[in-house]
Amino acid sequence: MDRCKTTLAVLLLAAGTANAQTLDELKADGQLTDALKTDNVLTYGMGYHLQRYSPLNQINRNTIKRLVPVWNLSLDNNWGEQAQPLVYNGVMYVTNARHTVAIDVGTGKQIWKHTLDWPADTPRVVCCGVSNKGAALYNGRVYRTTLDAHVLALDAQTGKELWKTKVAEWTEGVSLTLAPLIANGVLIIGNSGAEYGVRGFIDGYDPETGKQLWRRYTIPARGEKGNETWPQNNNAWETGGGSAWITGSYDAALDLIYWGTGNPAPWASQSRAGDNLYTSSLLAMRPKTGEIVWHYQFTPNDAYDYDACWELILAELKVAGKPRKVVMQLNRNGFLYVLDRTNGQLISAKPYEKVNWATHIDMKTGRPVETDIAKSIREMKATEHWPSTRGGKNWQHAAFNPNTGLLYANTLHEGRMYKHLETKPFEKGQRYMFIENLPLPRAAGEPIGHIEAIDPLTAEKKWRVPLTDFQIWSAMLASGELLFTGKETGEFIALDAATGKQLWQFQTGSGINAMPITYTYKGRQYVTVLSGIGGLYWNINREALKDRVPVGGSVWTFALLPE
Amino acid sequence: MLAWSSALAQAPTPQQIQRGADIYERNCSPCHGARMQDPQGAFDLRKFPHGERERFITSVARGKNQMPAWGGMLKREDIEALWAYVVSDESVHGH
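So the protein lines, in turn, are chains A and B.
For the first sequence, the positions run 1 to 563 when the numbering used here is used.
For the second sequence, the positions run 1 to 95 when the numbering used here is used.
Think of the hints as simulated: they come from the structure by calculation, not from any bench.
All values derive from a computational prediction rather than experimental measurement.
Among these hints, one or two may not hold up.
Said to hold, decoys possible - Mimicking EDC-like on lysine to aspartate or glutamate, the simulated pairs with C-alpha atoms at most 16 Å apart in a straight line are:
hint : chain 1 : residue 1 : chain 2 : residue 2
1    : A       : Lys288    : A       : Asp255
2    : B       : Lys75     : A       : Glu427
3    : B       : Lys64     : A       : Glu427
4    : A       : Lys166    : A       : Asp206
5    : A       : Lys318    : A       : Asp340
6    : A       : Lys546    : B       : Asp22
7    : B       : Lys75     : A       : Asp121
8    : A       : Lys113    : A       : Glu161
9    : A       : Lys350    : A       : Asp372
10   : B       : Lys64     : A       : Glu543
11   : A       : Lys419    : B       : Asp38
12   : A       : Lys354    : A       : Glu460
13   : A       : Lys424    : B       : Asp38
14   : B       : Lys47     : A       : Glu543
Extracted from the complex, chain A is given alone in its bound form:
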């Protein structure tokens, strides 16, 4: 009997281990210094550092011609696919706004599917596309957020819902689309909704129970440090935006998460004089408590929708001959920032795109020096504005190769005729922007964006491939000698990372707005990307592409055809 018990205990332990993602495994994900575990992709960003880089090189310049699809699985979803899949022990986990799906990596067959049922009018409070960016894995569970502002846990083996916690009331303008982050045992999420005048927040939850452990509003309340940067004669801070809608990075050694915050609300700035902390900022926070250890504001009193939510990439860079632990961001405002991530000290801030609202960043104060263009916008005049409110780069994530020290990004080259309108009283759950934003005539042949390799400290381009048809809304993946990204017209492409030359492409069934991953399975390198036009595309290119690119989400997985 005792022997039976012992055997059972061992079996249970083994089963538990096979389905558990420990904190150590999460920390090791994508870390080149540890024993490289390339079978798994456990974190959004392919590592807590968000480098979206893998040293895997079976698929390389010479072999790429043999890269072929090995399976495709429909995701039964027409809203669009923006997620990065995760992989653990031969099982892939994929999310979109409707479903969470577990897939056998070896066969491409669906293991389980969990479906959400949010109210049909929820998209009313989603400014920029019904989407979901991915899951988090921890301790045998799959965690995700929902459009109608819930966070939930599923059993990774069965897809059974274990808990579901209401984060906020969606009718008040809050939605959730980001992939959660597990840092130091805490499940961390941030909200969307600045376009509806919500007060942004970052939350910590107990992954075991779904109980909220802390909430850090990105706008301090009256009496809290930072609130003095808001008018004291109105309540603009209560409806001041500052969403936190892209997953942050995490330095486990420093035990700091790095989270970007969104634009203030409304976009028109007349009613919110002051710097408006902590909007359009970077927050370095303790994952256990939500304490803000340091902050840096990229765009004080942001009048331009210059979210600072984009990926905050962690790396070690040589600065003036000395290695520094840095955090980097290609900010929406057109500047590429490098900061010391131990203390928030600004190391570098150089323009990487055409910028006319500021001349430069003052390295002593860390503040942008605004031009007459900025003055004109604040005076509510229609003004030619670069980069446009969509930014020098939008959310399509950059990759970083620690061997070349370069960032690889899909950037935007767009100015617009931008005007602040008179603001009107806040109405709960309704848009809170008050701007006009019209296109500028574009010279023939002028690119609308670039795929480029950028030096983080100088913002110099090592190479730059102009785009003339549609901007790229898919993230970049650096893998060995190659870069993978995808187009709205459906092509999944691979470029030579040294030159930008396109080496390979495959036409998927819909458009690509998602994040590729690469990993190994039984010793063979795989690449996976989701295809499924949607997201911001609905706002921008739907009319232009509706007869060319059908909707319909699916997972495409590629490997090398044996020689």
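Given the coordinates of chain A, work out where chain B should sit on it, guided by the hints.
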């Protein structure tokens, strides 16, 4: 019913058009474009047939294609004001 029919027959008032303009500016312009210009990915409302009032009201209330349903937030008279604005000269030429 009689009252409803006679309301239909009446031309929209300037107040109704202004109410529609305010709703449009706040909730519709982010996708359909400022003053219906630059609709980008959304339906170009400048092309909406002026004879199809009920279709407009139903589409806004219940949602259509990628447009969410607004009936939970906007009352019938709000959507009628929106219609008054969309078919007025004010919408494209500014207000």
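Status of each hint after checking the structure:
1. Of the supplied pair hints, the one linking Lys288(A) and Asp255(A) holds, its CA atoms being roughly 9 Å apart against a limit of 16 Å.
2. A C-alpha spacing of about 15 Å is found between Lys75(B) and Glu427(A), which places the hinted pair at or below 16 Å, so the restraint holds.
3. Restraint check for Lys64(B) and Glu427(A): not satisfied, since their Cα atoms lie roughly 24 Å apart, outside the 16 Å limit.
4. The hinted pair formed by Lys166(A) and Asp206(A) meets the criterion: a straight-line CA distance of about 14 Å does not exceed 16 Å.
5. For the hint pairing Lys318(A) with Asp340(A), the CA-to-CA distance comes to about 11 Å; that is within 16 Å, so the pair holds.
6. Pair hint Lys546(A) plus Asp22(B) does not hold up; C-alpha atoms about 30 Å apart against a cutoff of 16 Å.
7. Of the pairs offered as hints, the one joining Lys75(B) and Asp121(A) holds, with about 15 Å between alpha carbons and a cut-off of 16 Å not exceeded.
8. For the proposed pair Lys113(A) and Glu161(A), the alpha carbon gap of about 11 Å is at most 16 Å, so the pair holds.
9. The straight-line distance between the Cα atoms of Lys350(A) and Asp372(A) is roughly 20 Å, outside the 16 Å bound, and the hint therefore fails.
10. For the suggested pair Lys64(B) and Glu543(A), the alpha carbons sit about 15 Å apart, so the restraint of at most 16 Å is met.
11. At roughly 14 Å between alpha-carbon atoms, Lys419(A) and Asp38(B) fall within 16 Å of each other, so this suggested pair holds.
12. Between Lys354(A) and Glu460(A) the CA atoms are separated by roughly 13 Å; this keeps the pair inside 16 Å, and the hint holds.
13. With a C-alpha separation of about 23 Å, the suggested pairing of Lys424(A) with Asp38(B) is violated against the 16 Å cut-off.
14. For the proposed pair Lys47(B) and Glu543(A), the alpha carbon gap of about 13 Å is at most 16 Å, so the pair holds.
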